[in-house]
Structures are given as C-alpha cells and as structure tokens.
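J.: I would like the entire structure built from these sequences, with the hints used as guidance.
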Amino acid sequence: MTRYTISRRTFFQQAAVGVCAAGIGKYAVGAPAKRPLNVLFICVDDLRPQLNCYGNRFMHTPNLDRLAGKGFVFDNHFASVPTCGASRCSLLTGMRPRTEQALTNEAFDALPREDTGKPGSLPELFRRNGYTTVSVGKVSHNPAGRRYAKPTARTDAAGRMVRSGPDDHEPELPNAWDRVYGPTGPWSDPWSAFFGYATGKTRSYTDAKTPAWEAAEVPDTGYPDGLTAEAAIQELNMLREGPFFLAVGFYKPHLPFCAPREYWEMYERAAIPLPDHSNPPENVDRSLSLHRNGELTGNYVALKSPEKATEEEMRLLRHGYFACVSYVDAQIGKVLDELERLGLRETTLVVVWGDHGWHLGDLYVWGKHTTFDFSLRSALLLSLPIIGEPGRHISDVVESADVYPTLADYCGLTPPEGLDGVSLRPALESGATLKKKGAYGYWRKGEHRAVTLRTPEYRLVEWKDGNGKVVQMELYDHQADPYETVNVAELHPDVVTMLRRQLPACFG
-7 MTRYTISRRT FFQQAAVGVC AAGIGKYAVG APAKRPLNVL FICVDDLRPQ LNCYGNRFMH
53 TPNLDRLAGK GFVFDNHFAS VPTCGASRCS LLTGMRPRTE QALTNEAFDA LPREDTGKPG
113 SLPELFRRNG YTTVSVGKVS HNPAGRRYAK PTARTDAAGR MVRSGPDDHE PELPNAWDRV
173 YGPTGPWSDP WSAFFGYATG KTRSYTDAKT PAWEAAEVPD TGYPDGLTAE AAIQELNMLR
233 EGPFFLAVGF YKPHLPFCAP REYWEMYERA AIPLPDHSNP PENVDRSLSL HRNGELTGNY
293 VALKSPEKAT EEEMRLLRHG YFACVSYVDA QIGKVLDELE RLGLRETTLV VVWGDHGWHL
353 GDLYVWGKHT TFDFSLRSAL LLSLPIIGEP GRHISDVVES ADVYPTLADY CGLTPPEGLD
413 GVSLRPALES GATLKKKGAY GYWRKGEHRA VTLRTPEYRL VEWKDGNGKV VQMELYDHQA
473 DPYETVNVAE LHPDVVTMLR RQLPACFG
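The working numbering applies: residue -7 is where the sequence shown begins, and numbers increase by one.
Think of the hints as simulated: they come from the structure by calculation, not from any bench. Do not take every clue at face value.
As a list, the in silico BS3-like pairs of lysine-lysine whose alpha-carbon atoms are at most 30 Å apart [to be verified]:
| hint | residue 1 | residue 2 |
| --- | --- | --- |
| 1 | Lys456 | Lys429 |
| 2 | Lys326 | Lys62 |
| 3 | Lys428 | Lys461 |
| 4 | Lys427 | Lys110 |
| 5 | Lys437 | Lys296 |
| 6 | Lys456 | Lys427 |
| 7 | Lys461 | Lys429 |
| 8 | Lys428 | Lys456 |
T.: Here is the structure:
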C-alpha cells in the first residue's frame, strides 16, 4: 500500500531530488534549485484562451504573456465539464465525472468529508507531505472556498431571501487547506462579492435584472479581484520559507463584466473583432447542442432579444470580457512580481488555469454550458524557470485532470492510484507525444446527457435521453472545420464508429 505521509527530513531529501531531476530533461536550462518546489496555482473563472500569447494580438495581457514566455502554453487544453464547480472538482481530484452530481456546481458536496487516510485532492496530497496549503478566492466552487448557502430569487413568508445549499461554513474541499478564505471588502458575503459591482453593490436575485457590465472609476481594489491579489501577496510573504502550495482564484472574466475603467480604455470598441462564426452550427438539434443564453439574459440587462445580439451589443459584451481579462492579468502580474521580489521565482512552479471557456457570440451562443470547443477549451500555462524551452507551445490534447499528476510528478510526490489524468512531464521535458486518446467532456441538459471526445483531428459528441437511447451524434472535422460549424456525423459513419468505441459506457 502506498504511504502518503513521510518524515520532514525524508520529504526535503526527496523533494530536492525531484527538483534536480526536473533540470536534466532535453529542454533543461539553468542550474537546478536546491530547495523543494513551491506551487502557485492560479485559477481564473471562465477564461477561454483569450490571451495575446494564444495569438489574439489585440489583447492586452502583458503579465500572462510574460509568464508564457518563460514556460509552456497548452494550445489544446480542455475542461471535463463546461460549468464551474464540476470542472474545478475534476481538476482538484484528478478524476473525470462519475455521477450525475459530478456534472453540476454541487460536485464538491459529494466528496467524503471524513479523513480517509489518503489524499482525496491535489492540495491534500501536498498538505500530507509537509506543505502549507492555502486557498484564497474562488478555487473550488464557493467564492471563499467554504460552504456558504447561495442566494436565490425566492423569499420566505417574512419576505427574507431564501438561500440554497449547505451553509456550515466548512471548507468545500475536505482536509485540503491550512487556510481557506476569500476577501469580501464592502460586500456582505462571498457570493455578493463574486457578483459584485463597485461600492459594495451586487447582482439582484429578484426579477429585477442588473447590468451585465460596469466600468467604474475605481482603483483595482474597487472590485474583489484586486482584494484577492492583495491577499495573495500577503500570503506569499507569510509562506516565503516554504514549502507551500498557494492557490489563488480570480472571479473575472465571469459575469457581470465589471472592471475599473482603465482596463476598458485599453480597447477601442469600434475595433473590437466580432465572432468569426456567429451563426448556429449546421445539422444539429439546437435544443440539445445550444441554449438560449440563460446565464446572461436571465440575470442581466444585456440583449434586446434573448437569442440574437445586435452588432452593437456584441461589441459591448466582448469589450467587457476583454477588459475583465486585462484586469485579471494585471492582478496576476502583481502576484508574480511579489514572487520575484521575494526571490521565490526560481523554486516555484506556476500554473494559470481557466476552469472552462465561454462563447462570446460564437455559434449563436453567449455563455458556457455547451460541448463545443468554445465552451470546453480554456487557457493553461505552466512555468518553472529551471525546465522547458522558453515560450514553447504544446499542441497535444490535454485535459484538466492532467494537472494533478503533473504537479505531483514535478514535486516528487506520489499521487493515489486510479487518477484519470496523466503527468504531462514527458511532453514538456523530452518532447514525447502523450499517450492519450484525447480529452473527454461531459454535460447534461434536462433529461439528456452528453459525452464528448476531443482528439487532434475530431470532436465526437454522443447525446442520450433519460432512457439511455442515443438521440444525436455530432462529429466535427477539426482539420477542415476548426470552429465546429458543421456536424458531419452522417457523412463519416466509419469515423463515428471508431471514436464511439473510445467513449465510456457511462459517466466515468
């Protein structure tokens, strides 16, 4: 049986060996470090690969581009589920969904709360091996990492707002953190901060919709992510002796698109590019493959029509998303600068991860919650100065579940058996091709369930109804149709048959 706890002396010896090993690969540069690796894990809500380093030259993301220039850019990284809680649960546990609940934002509620004696999550593995583990902001699903009941539009007999979900304030990810919190500033609670406007206002949970965007004349700390950056900097100073696993979760560019005005002014609205393909894909049942933008139009004042955006509306919403990305880029830059100032950069593995993508009018959709690349593909950057060819792009198809075993591998830790993810270290150090079938994705819509497989050449999607009957197959040829605009499943039954053999029989 694998043991997950080791003595402090043995830990430092093994970690030092792991760090030295990280410096002898094909692309190794510089001298190996002589202290255990720290981990700075930064997660960003709804961050599709909308960065300059991904080829979007109009984007103002100098800090993430700087990080990418010293590490790896994963061009084909995919989330397991196109919704926040489920995607984060998959990454933090190294597992793809195996239950209905694992497809929802309540995925963390199903994790065992008792201490099982072995690590149930990525940070717990590090904690059991001598690391101080800290979560700041939105790392799991709840904005402060604890189980706070979420506001709803319902009221009780006394007219008070009804909240849903567990409200015991226990850590959402059990046994994982030495400290877990999120700054709320002038907002009344973490969820209010998550949906916050400037000066402590927040999204309405009644029928009265609030604006989908805001560009207030405030400093960076006028919105929650500025406070999160400050807290992360304070933590770095407290953790500087290491070893540490510091996870920092930023809210933007999640709706509402709120950022200080200076970040809006980085873009000229008339020059904002429109979606390359804003029409619905061909040969699909729209009731399954698409949705009516409920996250946007159900909560915010945004579109005159619930489905079709005008050109003016498209430019405004895209402007808001881009401004939020630049705002978060600046906050990440502050954290990275402090890491440098403290002399920790050479011994800290830095990961920036988007929990999933977001349609910005692409394929007729505003939001996530589809099985297309626009919803499942997200940003993933990894940087450690002592490894890698600077600014190298990795074209292999990878998935979020691969992050757990990769970080464990580089830090000399042994993860539990049975993880779905694989270590990306061979591809990073030797240029070897990963032995993966592709990236699996999962979704549900009403009684229907979807399983999708993304390979370098294709995306296959299988939809089943509540009785397990296949009701739609989708196939997209990425060599001829990289934007997934035409379902060609009927034209290529042989490819469909081949890829279906690689799908799981059920979720998992």
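J.: Check the hint pairing lysine 427 with lysine 110 against an upper bound of 30 Å on the C-alpha distance.
T.: holds, 27 Å
J.: Verify the proposed pairing of lysine 326 with lysine 62, using a straight-line Cα cut of 30 Å.
T.: With Cα atoms ~17 Å apart, lysine 326 and lysine 62 stay inside 30 Å; holds.
J.: Holds or violated: lysine 461 with lysine 429, Cα cutoff 30 Å?
T.: Holds, at roughly 25 Å.
J.: For the pair supplied as a hint, lysine 428 and lysine 456, is the alpha-carbon distance within the 30 Å limit?
T.: holds, 25 Å
J.: Taking only the CA atoms, is the gap from lysine 428 to lysine 461 under or equal to 30 Å?
T.: holds, 28 Å
J.: Just to be careful, I want the Cα atoms of lysine 437 and lysine 296 compared with a cutoff of 30 Å; is the pair within it?
T.: Roughly 25 Å between the alpha carbons, so the hint for lysine 437 and lysine 296 holds.
J.: Need the status of pair lysine 456, lysine 427: alpha-carbon distance at most 30 Å?
T.: Cα-Cα ~28 Å, so holds.
J.: Regarding the pair lysine 456 and lysine 429, is the alpha-carbon distance no greater than 30 Å?
T.: holds, 22 Å
Of the numbered hints listed earlier, not one is contradicted by the structure.
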